[in-house]
Structure formats: structure tokens, C-alpha cells
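Guided by the hints, dock chains B and C onto chain A, whose structure is given.
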Amino acid sequence: MTQSPQSIWTDVERIRAQAPLIHNITNFVVMNNTANALLALGASPAMVHAPEEVEDFIDISSALVVNIGTLDATFVAGMRLAMRKARTLGKPIVFDPVGVGATAYRNQISEELLTVAAPDVIRGNASEIMALAGLNAQTKGVDSLYGSEAAIDAARRLSSVWGSVVVISGEKDYIIHGDKTAVVANGHPLMTKVTGMGCTATALTGAFAAVNADYFLAATHAMAVMGIAGELAVAKKSSPGSLQVNFLDTLYELTETSISNRLQLTEA
Amino acid sequence: MTQSPQSIWTDVERIRAQAPLIHNITNFVVMNNTANALLALGASPAMVHAPEEVEDFIDISSALVVNIGTLDATFVAGMRLAMRKARTLGKPIVFDPVGVGATAYRNQISEELLTVAAPDVIRGNASEIMALAGLNAQTKGVDSLYGSEAAIDAARRLSSVWGSVVVISGEKDYIIHGDKTAVVANGHPLMTKVTGMGCTATALTGAFAAVNADYFLAATHAMAVMGIAGELAVAKKSSPGSLQVNFLDTLYELTETSISNRLQLTEA
Amino acid sequence: MTQSPQSIWTDVERIRAQAPLIHNITNFVVMNNTANALLALGASPAMVHAPEEVEDFIDISSALVVNIGTLDATFVAGMRLAMRKARTLGKPIVFDPVGVGATAYRNQISEELLTVAAPDVIRGNASEIMALAGLNAQTKGVDSLYGSEAAIDAARRLSSVWGSVVVISGEKDYIIHGDKTAVVANGHPLMTKVTGMGCTATALTGAFAAVNADYFLAATHAMAVMGIAGELAVAKKSSPGSLQVNFLDTLYELTETSISNRLQLTEA
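Protein chains in written order, with the working numbering: chain A, 1 to 268; chain B, 1001 to 1268; chain C, 2001 to 2268.
So here's chain A without its partners, still in its complex pose:
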């Protein structure tokens, strides 16, 4: 396996060239952010949740991103149908179990959605990954109470049960598939002061999965690009309002050189 700035850059160039249509069923808080991040990266985002149309929309999409951040019955109905259809058509599914562990409803819906269609990639913080693996993890709403390392065993278990690539986001991001592990040490703590940065990472993973059928690589590349763009944005100004704006700018302006200069990726 050879992950490198070059392999990341190749995927970025593919996204820019193909502008893959990414179908998002996501939460109200981040719809605007994640649409703009996908556009800045070069993809073509759409937010479509109505049960009446999600299956039709999967037909024309290159990847499905499902995020339960502000779930309710209508959205969950759309998620079920979209995931089943995406699985049938072999289109990549990326799943973000926001806040799982915080309520029984989130636990039940997350479990059910995994059963409907095992996602190709699952991305969450340590609390979420532990909760999704059935551990009795504590959560603080949508924030994690643990470092990423605490969830490695849970991630491996999830990966083994569902066959998914599992990403634990945090100060370091762990990307786990079977017995493979990649660690991305990019990013900046200030990113936790902007809402939806995790959701944005999930959405970008959808774009990488649309152009790279090796989802372990796709997820690793997405986390690296996310972290590097965040670092570059914080370098411009270290305050959260500016970070949100500069993050989109740096994502759009990303070059192979900036990836080379900053990438902190190790594999085990």
C-alpha cells in the first residue's frame, strides 16, 4: 500500500474533473456548510430527503452520504429507502452516526440503518464509534468524551461485523478496515469550535468514495484533505468565524504542494 501526497492529489484531480454528484441526507445545521465544502472541493452536492424521490435520485448520484444529526421520522424514512437502493446499485454509502449514544432513538435508528445496508464507510468521533459498537459509551450530546485511541477496538469490531471502513475523528484520525490502520495527524483543535466540521469530513468522504473504489484509501484521503485545509485556514486567522470562511477558500485553492508539505499520515 502506498498512500502518499500523490495518491491524494490524484483523487482531488478526479473529483475536480468529474464533479461527482453526491446525494446527501443530512442534518439541518450543516447542510449549507457541507454543500459548500463539496463544491469547494470540486464535487456536485445535492440535499434530497423525501421518501417520494430519494430512490430516483440515487439513480443519478455517484455516492450517498447519510448523517443522522437532526433525524426525525420523515428523514429516517428517506434514509432507509436511499440506503437500500444505493446498496442494490453498488453505489458507495458513507454513514455519520451523529450523537449516537445520546438517546435510545439514535441508537435504535443507527442499528436499523446498519442492517438496511452496511455502509462502506462509517465516520464518527470516539464516543459515537464506541456507542455504535454497542459499548456503553458516555456522550456529551454531539461531542466526544474520549480521545480517538479509546475507540480503536470498537472501530475494529464494527469493521469486522459490517465490513465497513471505520473512521474515528479526533486530534488524530484513525481509519480502520479489517486489520489495516491509517492514522492522520493533521487538523487543528480550533476546528472543534466550528459546527459541522465532522459532518463536512463525512461529506468529503462521499466525494472521495465516488472517485476511488478503494474506500480505505478514499476515507484516508478525505481525512487528510480535511485536516490540511483546516490547518491552512487556521494559519490565516485563528478565530472560528474566519475559520469557516477560510476553510472553504483553502479547500478550493488546495494544491499538491500544500498536501506534500503538511501531510502527516502513518500506516500500521
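Keep in mind the hints are simulated off the structure, nothing from the lab. Predicted model, so just to flag it, every value in this text is computed and none were measured. Some hints could be false.
If you want a taste of the chain B side facing chain A, the calculated C-beta under 7 Å gives, among others [unchecked claim]:
#1 1029
#2 1072
#3 1105
#4 1143
#5 1146
#6 1148
#7 1181
#8 1185
#9 1239
#10 1241
#11 1245
DEER-style ranges, computed between Cβ atoms [stated by the list, open to error]:
#12 2013(C) with 1147(B): 55 to 61 Å
#13 2147(C) with 1163(B): 40 to 46 Å
#14 163(A) with 2004(C): 58 to 64 Å
#15 1185(B) with 2147(C): 53 to 59 Å
#16 1004(B) with 2135(C): 22 to 28 Å
Just so it is clear, CB atoms sit at the ideal spot from N, CA and C, and this is done for glycine as well.
Chains B and C only, in chain A's frame:
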């Protein structure tokens, strides 16, 4: 007909003086952007979709903007009632058929809404205008696969059937009503890298229609202001995060001179 | 009573240290803004509305913020359950009756929610406070047609009936509880050109109420911090797109000195 920087500016001054209340039933992705754009222009936006109250709200509003970007049954029920009431009261209706052509549901709802109340202005990209006119147009989610020119015949047909002013957004914007055509060549390609710029154009059209009962002029003025504000914003910084911020600033700072200096408007 | 820059700062430091989880059931337009403002201040926001889970979520939250800006049946069902549970557990409830007075539905739901659980703090503009007090106030959608002073009697009546601290936002903010009154003269008119600044004030009040059980002080501190951060942001650039970004930056960068230098607070 005499469209000019002066006639545009007169409408902008009316909006600033009257702050017309614009009732939006729009999509989740752009609600914040379009509310802020309406405020920056000088209008007073409100987002109200519940079937229980949309009719009451039309009573106090100066224009209705309907956008199906993230439609579902609840929103569609509100759209129906609001459009019927607005038509009864003679208040202008602006319709944005986001993503029509992408799914059967969008096609069906769009057709039904046209029947409920023929809009005064319809604004879409070329794919959407062609799909709404019943052509078998290809779409890529919410993006067009055609240049604006490809949709001129479809726009003319739509205008003839529904009596609406029809706007085709793109590199050039065509504003069509019966046998009249205006072409606005303002704007910048980077605007397609910010989500909801089309939806914002639709929302601004609502504000212009609230102060100018000649909806052909109102739509043309809206597209000109949209394009000019976009150009001025890109001139400040050519990246999409900054564009979103600078667009609101330039809209707020707009002067008659900046319109005069930049307007690229022709009529046929 | 001794409200001072020091007492405000003590609360800000508590929020930063404890990062209280603030449960918001709010409107689609401002979810992103208010989440980011809560993060910038130091709190931990979550947006959770589904009736299936709001009660569970109240269990782990430190305050509940309810805002009816884009209410519909699903959200109202969640609001009812969350408010009842928060009241049972003695967790602070902050209520923002956005647009009450504009439609019969808003009036009916607002009255009903007050009955479900009298809020600890109610924040609105003058039109909203007058309408909520049963006066036949005129509204212009979500904007007030009156100065704050016009609503003082209404606020006092509301406070007397429900026991709530009542905040009237405007050029001056009046914070009223029983026979106590505080007046905050901070803020800037440009803040009315950014959508959701009132909703943000409400959300921040939730954070202050989570760390200060004297809700009269909590509400006063929130309005002072809101106004001061707004002034500092306008001082950087006096346009609405930039204001939105700079407001989050200044909120994050807030110091005791900037509060001392700018606070305009009087008590009666």
C-alpha cells in the same frame, strides 16, 4: 422599454425605503443565505412553511417565493396553500423549480404547483426550464448540463402557457416574457461554487417584484443586481468562502455608480 | 444587586470551563449561526427536535432553548415534550416567540407552550412581547414595528403572569423580572441586517442560564455580551456579510477588558 442603471437603481431605492416583507417557502440549504441576501438588499425576509399558517402570513407579505430544493410533503402542502392565497390576493409569486427533471416527484409537484397558481416569475437553470416545459432534459442533480441558450424555446413555451416571466440563469441570463427578451451578461463562474446562488437570485426577484409590478422589469433588475454584486465580490477575493461573505457586503454597499459601471444588459 | 463587567466575565469563564450542553429546538434559518455562536462563546450546542428523543436529550442537557421561527407540527410536538421534561427536571428553559402576532397559529402555539411550562426567560422584540402578552400588536413578519420602550408594560405583565424573566430586544434591551429592570444599551443597528441575531441572543441566554441560576442576571449578561460582540464586529467592518463572520470571531476573542470598556448597563 427603457431598462437602464437608473431604472434598476430606482427599484433598489424602493426596496430600501419600503423594506417589503418577502414570504419564502424555500429549501433548508439556502434559508440562511437568502434571508441574509434579502436583508442586505434592504428587504424584510421571513421563512414560513407550516400549512397551519402560510395563508395568514401571505396576508401581511408583499411577495411569495417558492423554492422546491428540499421539498417534502409538509412543505408542499404549505406551498399549495400559500400560492393559492397569494394568487387570490394578487400578490406576486416567484417560483424556483430546483432540480426539476431529476426525479418524478419533482416533476409531478412542479406541474401541480403551476396549476395551483401560475407564477408571475419562474427562474431556473437551462436544465430546469427545459424539464419544466416538458422536454426530456438531462439534469445533474441541481446543476444544468446545458447553456442558457439551449432553453430559450422552452422558456418561451412556458411563458406562453402560464403567462409567466421566465428566467434562464447561466453564464448569460435570459429573461423572457411573451415575445420580449432581455439578456444579462453579468455574473462570474465562481458563483457556481457557492451553494444557493441561484436560489438567492430567485429570492431577490421576489423583492424586486414587491416594488415593481412590471415583473419582466423586476426579474431583469434582480438578475442584473445579482450578477453585479457577484462580480464585485469576486473582485475582492476569488475564492468561494470569501465570495459568500463579500457578496452580502457588496449587495449592502451597492451604489448607482457600480451598477452603471458594470451593467451588461441587452434587449431583443 | 451588583451587575458589573466582573460578574459578566465570571459567567463567561464558567461557560468556557464547563462547556454546558445547550439543547436547542430552533428554526431552520439560524441553526448554523446559533450553534456557531454557542461554540464561539464556549458552550456545547446540540439541535434535537424529534419527539422520539427530546426527553432523553433533556436528561443530559444543561439548558433548553425553544424558538418557534419556522415551527411546524413535528417541531411543536418536540417542543411540548422537551419543555415538560425540562420543567420536571428543573433545567432552565429559554423561549423565543419569533413572529408571534403574525399568525393565529403562532399565537395559539405560543400560548400553549407557555402553559406546558412557564419559561425561565422569554426573549423577543417589542412586537413579539406585546403580542405574547395578549395585546393586539402589529408585526411585520419577524420584525418589530415598535421601539423596545413600547413593550415594557407588556413585559411586566408577562413576567407577572408566568414568573419569567422577560427580555425586550431592540436599540436598547430591557430585561424585566417582577419589579426589577436592567437596560443594556450595547449593540449596533447593523445587527438587524444579519438574520438570526435575535435568535442568537436567545441561544446565548441559554448558555448563561446554564451556569447562573439567577436568570435575571443570566439574561442581562447574555444581552450585554451579545451587544458588545456585535459592536466590536461592526468596528472591524461595517457590512453585514463581514459582521456575521466577525461576530463569531469577537465572541471567541472576548476579554474582560473589552467588556469593561464597552458595557452600557443601567438598573432601575
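Hint by hint, here is what the structure shows:
no.: 1; hint: 1029; in the structure: holds, 5 Å
no.: 2; hint: 1072; in the structure: holds, 4 Å
no.: 3; hint: 1105; in the structure: holds, 4 Å
no.: 4; hint: 1143; in the structure: holds, 5 Å
no.: 5; hint: 1146; in the structure: violated, 15 Å
no.: 6; hint: 1148; in the structure: violated, 18 Å
no.: 7; hint: 1181; in the structure: violated, 29 Å
no.: 8; hint: 1185; in the structure: violated, 23 Å
no.: 9; hint: 1239; in the structure: holds, 4 Å
no.: 10; hint: 1241; in the structure: holds, 3 Å
no.: 11; hint: 1245; in the structure: holds, 6 Å
no.: 12; hint: 2013(C) with 1147(B): 55 to 61 Å; in the structure: holds, 58 Å
no.: 13; hint: 2147(C) with 1163(B): 40 to 46 Å; in the structure: holds, 44 Å
no.: 14; hint: 163(A) with 2004(C): 58 to 64 Å; in the structure: holds, 60 Å
no.: 15; hint: 1185(B) with 2147(C): 53 to 59 Å; in the structure: violated, 45 Å
no.: 16; hint: 1004(B) with 2135(C): 22 to 28 Å; in the structure: violated, 47 Å
In summary, the numbered hints that this structure violates are 5, 6, 7, 8, 15 and 16.
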